[in-house]
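J.: Chain by chain, the residues run as shown.
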Amino acid sequence: MLADSQVVRRDGKLALAGELRMADATLVWRKLRELAAGQKDRLDIDLSQVGVVDGAIMSLLVELRDDLSTRGVACELVGVPSHLEPIAHLYGAEQPPHAKPEPVREDPVSRFGRAVMQVVTTVEHVVLFFGDLAASFGRSIRVRRTANWRAIPAFAVRAGADGVPIVVLLNFLVGFVMGFQTARQLQLYGANVYVADVVGISVTRELAPLMTAIIMSGRSGAAYAAELGTMRVTEEIDALRTMGFTPGPYLIFPRVAALALVAPVLTLLADVVGTTGGVFVGQTLGVSARGYLAELQTAVFWSDIWTGLVKSFAFGIAIGLIGCQQGFVTRGAAAGVGRSTTSTVVLCLFTIVIIDTLFTVVFRTFGK
Amino acid sequence: MTTHSTSRSELSLRTSVRTGKPMIEARDVSIGWGPEEVLLEHASFDVHEGEIFGILGRSACGKTTLLRVIIGLEQPLAGELNIAGIGAPVLEGDRPAYGVMFQQGALFGSMTVGENVALPLERWTSLPSAAIAAMVRAKLRLVGLEEAVHKMPSELSGGMRKRAAIARALALEPSLLFLDEPSSGLDPVTSAEIDRLIATLARVLGLTVVIVTHELGSINAILDRCILMDRDTRSILASGPPAELRSSPHPHVQHFFNREPEVA
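Read top to bottom, the protein sequences are chains P and S. Position one of the first sequence corresponds to residue 11 (this note's numbering), numbered consecutively onward. Position one of the second sequence corresponds to residue 1389 (this note's numbering), numbered consecutively onward.
One or more hints might be untrue.
To be verified - Pairwise CB distance ranges, derived in the manner of DEER restraints:
no., chain 1, residue 1, chain 2, residue 2, range
1, S, S1636, P, H135, 56 to 62 Å
2, P, I176, S, G1605, 37 to 43 Å
3, P, V167, S, G1605, 46 to 52 Å
4, S, G1546, P, M127, 28 to 34 Å
Unchecked claim - With a Cα cut of at most 20 Å, we get these calculated SDA-like pairs of lysine to any residue:
no., chain 1, residue 1, chain 2, residue 2
5, S, K1539, S, A1521
6, P, K110, S, A1518
7, S, K1539, P, R121
8, P, K50, P, L12
9, S, K1539, P, K23
10, P, K110, P, D77
11, P, K50, P, G22
12, P, K110, S, G1532
None of these hints come from the bench; they were simulated from the model. Where is the CB? At the ideal position from N, CA and C, for every residue including glycine.
Generate coordinates for the entire structure from the input sequences, incorporating the hints supplied.
T.: Written as structure tokens, this is what we have:
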């Protein structure tokens, strides 16, 4: 424990004594600051009575010397015993006071300009990325080894089969909740049997494709971004380039193709379990399973189902492309991969809603 | 003075702080990834206070694994390890008794270099932020990186990253420092600068330093003693000062120090 007598003001100097180690650093720092406060002219730091000093304390002494010098107060470390000369030398006590490096601060106009340029550059990169991909698509179909098409089954299993439990569970619950929320309104009008119409149409046209796409964004889109982002920061993508591969088609096409294939399949499964969720609600309203299914057949048309499947196909392509694009532009290490993964999920959700809106407008316009 | 200007004569003074007291004692230690994949069997050695001790060997012989066992990141398959002052190596929950520099630096990419060095100080001291900032600057100045305090690790070269990692390892004023391949993958000048930095730190701060390396330049320049591990016999082939090992008649030791391929 630091004694008061170890850091004192004596003969116009700050005099330190005894053993000074990191454990006492907080007290030494406060005491030094207190004793040096308001000093106008010269204030040297006398180490002649110091037995031991470690790097932490020496850092603080040099910092105090630098601070005082900045304020125009001449300060030097004096009386350094010979056994402490090496550590004083190592920490630059004999050098002229060090200037503190300041972080570069930009004015608001520059910051705004930089932000605008960042957006422009990002858009440019995205356009170039998709342009390059589109340009290489034809070649990757003609020349089989341009894209790693053999990887499609493995990616399809990961995105599709492995995702079945979560797709089944969530879509069943969504169908169930949808039926439950409308049941009360239908009961008021004695239109209990129409629960099949509400659940059937909303699930097949909107809810099943949307819910499946949301699940795929979180599972597959984020996984693609993390996987390709890690490959990017560990120079695996550069290694592919040096071996003559074009990484875009080689890595991206099989992933996107796998998602485009499994998205409609998962959506079809979601249609089935979602409408099944409504059966249970129908039971509570006195609608038998047979009656529910009969009503479902009259209410839901094939066009409802295939519009949902077309949408999900587009969602699959969009999720795959966004995940891969974000992975490809990853910079930095672990933090960069995290940022890409987050952006992927956000961009996917945004894009899914935009695509859904466009499809809804188009289908309604053409009467589907 | 910057650490880079440390002269050769200063390096030779380093041995003056050696006390001969064991800082690390390894007794009958076996390491590996289970009984099927043993890398080293029944090895015993001591690391003395104040010395720069090398763990040498060819690639994949288990040097880094031995280091990870000594610092407590992995458990030994058998045997005992004792670190002066703490006994068995302990991690997590206690203030670290030693500083570690990993092979690639392991700086946190989301923090500036200064924040990386400040991290252990913020966790384990109650110093005001101005004092922490002062210590961070001093540590970075030691390794010649004061100007990089506000930079991100991704803006640094490989050598700078390693120096920043040494600064972080020194933050809590440890008396024991572990360095995993500090000068590998660097150009000869940067590699020599890092060697000199390590030698200066060991001499001036009285540190005990354990280095994993296979760089002959570093081995000859800064090590006081070393052990040479062998992946075929899963043993320590030789131990002692590098000069003694170089004159060992053992063919494997000769192959290693003379950079000769081992012909079957």
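J.: Please name the hints from earlier in the document that this structure breaks, with their numbers sorted from lowest to highest.
T.: 2, 8, 9
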